[in-house]
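Visitor: These are the residues of each chain, in order.
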Amino acid sequence: MAPLLEVKDLVKYFPTYSRGIFRKKIVGNVHAVDGISFSVNESEIVGLVGESGCGKTTTGKLILYLERPTKGEILFDGKNAIEIFENGSKEEKMELRRSMQMVFQNPYASLDPRMTVFDIISEPFKIHKHVPRNEWKERVYKLLELVGLEPYHAERYPHEFSGGQRQRICIARAIAVEPRFIIADEPVSSLDVSIRAQILKLIMDLQHRLGVSYLYISHDLSSVRQISQRVMVMYLGEIVEAAPTDELFDHSIHPYTRALISAVPIPDPKRKMNIILLPGEVPSAINPPSGCRFHPRCRYATSECKEEKPSFVEVDKDHYVSCHHYAEFA
Amino acid sequence: MNILEVEKLKTYFFTEAGVVKALDDISFSIPKGSTLGLVGESGSGKTVTAQSVLRIVPKPGKIVGGSIFFEGEDLLPKKEGEMRKFRGKKISLIFQDPTSSLNPLFTIGEQLGDIVVQHMKLKKSEAKEWVIKTLKLAKLPDPENAIHSYPHQFSGGMKQRICIARALLLSPKLLFADEPTTNLDVTIQAQIIALLKDLQRDLGMTLVMITHDMGIVADMCKWVVVLYAGNVMEIGPIDKIFEEPHPYTEALLKAIPRLDQTKELVFIPGNIPNLIDPPSGCKFHPRCQYAKEICKEKIPSLEDIGDGHFVSCHRWKELNNRG
Chain B
1 MAPLLEVKDL VKYFPTYSRG IFRKKIVGNV HAVDGISFSV NESEIVGLVG ESGCGKTTTG
61 KLILYLERPT KGEILFDGKN AIEIFENGSK EEKMELRRSM QMVFQNPYAS LDPRMTVFDI
121 ISEPFKIHKH VPRNEWKERV YKLLELVGLE PYHAERYPHE FSGGQRQRIC IARAIAVEPR
181 FIIADEPVSS LDVSIRAQIL KLIMDLQHRL GVSYLYISHD LSSVRQISQR VMVMYLGEIV
241 EAAPTDELFD HSIHPYTRAL ISAVPIPDPK RKMNIILLPG EVPSAINPPS GCRFHPRCRY
301 ATSECKEEKP SFVEVDKDHY VSCHHYAEFA
Chain H
1 MNILEVEKLK TYFFTEAGVV KALDDISFSI PKGSTLGLVG ESGSGKTVTA QSVLRIVPKP
61 GKIVGGSIFF EGEDLLPKKE GEMRKFRGKK ISLIFQDPTS SLNPLFTIGE QLGDIVVQHM
121 KLKKSEAKEW VIKTLKLAKL PDPENAIHSY PHQFSGGMKQ RICIARALLL SPKLLFADEP
181 TTNLDVTIQA QIIALLKDLQ RDLGMTLVMI THDMGIVADM CKWVVVLYAG NVMEIGPIDK
241 IFEEPHPYTE ALLKAIPRLD QTKELVFIPG NIPNLIDPPS GCKFHPRCQY AKEICKEKIP
301 SLEDIGDGHF VSCHRWKELN NRG
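Keeping their order, the protein sequence lines are chains B and H. According to the working numbering, the first sequence holds residues 1 to 330 in order. According to the working numbering, the second sequence holds residues 1 to 323 in order.
Just chain B, with the same shape it has in the complex:
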């Protein structure tokens, strides 16, 4: 079966300008996303993890054409999405927009404070006209129920809700257009620990009930393990490792993935942490390191790593890694 979403060699450079009031000169490029390829299957949750600045969010925005890709190809359901967003007819664009939605990180900023919950959730009906006016009320109530809220919540304003409830409203708005694919960008990181599990459950629940696929973007590896079927690890604009979830967490190969996993504190006092401390910090994406981008922080780095870019090879079934020395670590 063909995947629902296919991303090929996606690139996004943000130009940086020299200082000056009158003349703007491009002096460099931030290599936010640099040639990534992956796919998402029908009703699958794919996790995208990485540290801040690695290009996770940009990847999400590129897929939805909220940012214009510099290069690359995005196929949604076999159709060329970039082509449609750039040159397609209005109908084609609307149809594509309906099938892909986004849930943002901060539910305190992504809901209009002057709209009631009813207006927020029914706004997509107004735009896409896929629900006749006399059915709006019923539909909104049904959506509220689906995300675990009550019908009487419809008349309220966002400020009357807690963070977890607001995120439920955001999810209700996203599924109001019956999308097939949702990009969830850190949907639980601004919520309290006791609330996070509720939202994670809701996301998984909707995957089963509605068959929605997700790209779950997060820096929290524990929640990624909980929720995803496949995981991709990003570092400085590139995917360094990708594998089915258990395979990735139990048999990681790339030194960066290993360090990342080792650094996550585990709530069990009996377990001794064996942290691989990475020296230094993530380098600037304006002039990324040559060869393997991780080499300045990698303890196994050789001269080959400095000079040559490793290719993304399949080392096991569905397990891809981009490292010159993968054979030694596998």
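Don't take each hint at face value.
[To be verified] Simulated crosslink set (DSS-like; lysine-lysine; CA at most 27 Å straight-line):
id : chain 1 : residue 1 : chain 2 : residue 2
1  : B       : 79        : B       : 129
2  : H       : 121       : H       : 89
3  : H       : 254       : B       : 201
4  : B       : 201       : H       : 263
5  : H       : 90        : H       : 133
6  : B       : 270       : H       : 296
7  : H       : 89        : B       : 272
8  : B       : 270       : H       : 254
9  : B       : 93        : B       : 129
10 : B       : 270       : H       : 8
11 : B       : 317       : H       : 263
12 : B       : 24        : B       : 61
13 : H       : 292       : H       : 317
14 : H       : 222       : B       : 272
15 : H       : 8         : H       : 254
Worth flagging that the hints you see were computed from the coordinates, not collected in a lab.
Use these hints to put chain H onto chain B, whose structure you have.
Guide: Chain H only, in chain B's frame:
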């Protein structure tokens, strides 16, 4: 011996909407030289506890009752002038957000040097040396040049190292670290945690880690205080907290995903209570799977159940077959 003893502390915020009981009758103590975890979600009173101990509760908050003994001395009756001898020198604090707790208009050397000159009465050249020495302690690379830089020139992890150095300038005995790694990436978080562990050991400090991350607690702390909605739910040695937890702690541990295993997540229903109109009886009862009539009616007291483990729950004994 305990370095700090908090007894029946009440800190209320007198807002226009009503009185918020941020800390409602909390008691705990911190053994000297240990690392204690102060755990809770937002609004549980973690930060207000640290602010109360330092007596820097922001308006409209006020400490309305209880006592705070630091090395046997009650801090609450002290005058402002006397408190200055404690703040920074004996008890210090690392703030949650390093970006907003450093002044963007002054160089690192200026803002850290100022503290040393004010409190230690050192000459400028001596102060500079002291600041560089302390920055080295916090493992900031190249401190000799760093003192001439402004906060925005550093990354988040480096700023946190500067904040840690600032908290250590006057060699405090007790250090509160308020969510010191919340805004940092995991690999940087690991660096900062390693640093705090080293400092606590090498300097013989007492460290209070304020956090909501049970993983960090399990990794760093010997003792744990669990707060919920301004009440202490339980206090105890780390092993006991994980083995025989209070229903709230138990629910929390089941609700957080773990990297080393996949399990069915059992979420806690409902929301964190509103502290202006908190639930009656045990504040956790509306969300507790074991709640009975008595939990609704009576506030449970903090009971000693042995091995230094204290639990505030009507049903704990029954649930753990100790009745």
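Visitor: The structure should be examined with respect to each hint, and the outcome stated for every one.
Guide: Status of each hint after checking the structure:
{"no.": "1", "hint": "79/B with 129/B", "verdict": "23 Å, holds"}
{"no.": "2", "hint": "121/H with 89/H", "verdict": "13 Å, holds"}
{"no.": "3", "hint": "254/H with 201/B", "verdict": "13 Å, holds"}
{"no.": "4", "hint": "201/B with 263/H", "verdict": "12 Å, holds"}
{"no.": "5", "hint": "90/H with 133/H", "verdict": "19 Å, holds"}
{"no.": "6", "hint": "270/B with 296/H", "verdict": "35 Å, violated"}
{"no.": "7", "hint": "89/H with 272/B", "verdict": "34 Å, violated"}
{"no.": "8", "hint": "270/B with 254/H", "verdict": "17 Å, holds"}
{"no.": "9", "hint": "93/B with 129/B", "verdict": "14 Å, holds"}
{"no.": "10", "hint": "270/B with 8/H", "verdict": "33 Å, violated"}
{"no.": "11", "hint": "317/B with 263/H", "verdict": "24 Å, holds"}
{"no.": "12", "hint": "24/B with 61/B", "verdict": "26 Å, holds"}
{"no.": "13", "hint": "292/H with 317/H", "verdict": "14 Å, holds"}
{"no.": "14", "hint": "222/H with 272/B", "verdict": "14 Å, holds"}
{"no.": "15", "hint": "8/H with 254/H", "verdict": "30 Å, violated"}
In this structure, the hints that do not hold are numbers 6, 7, 10, 15, in rising order.
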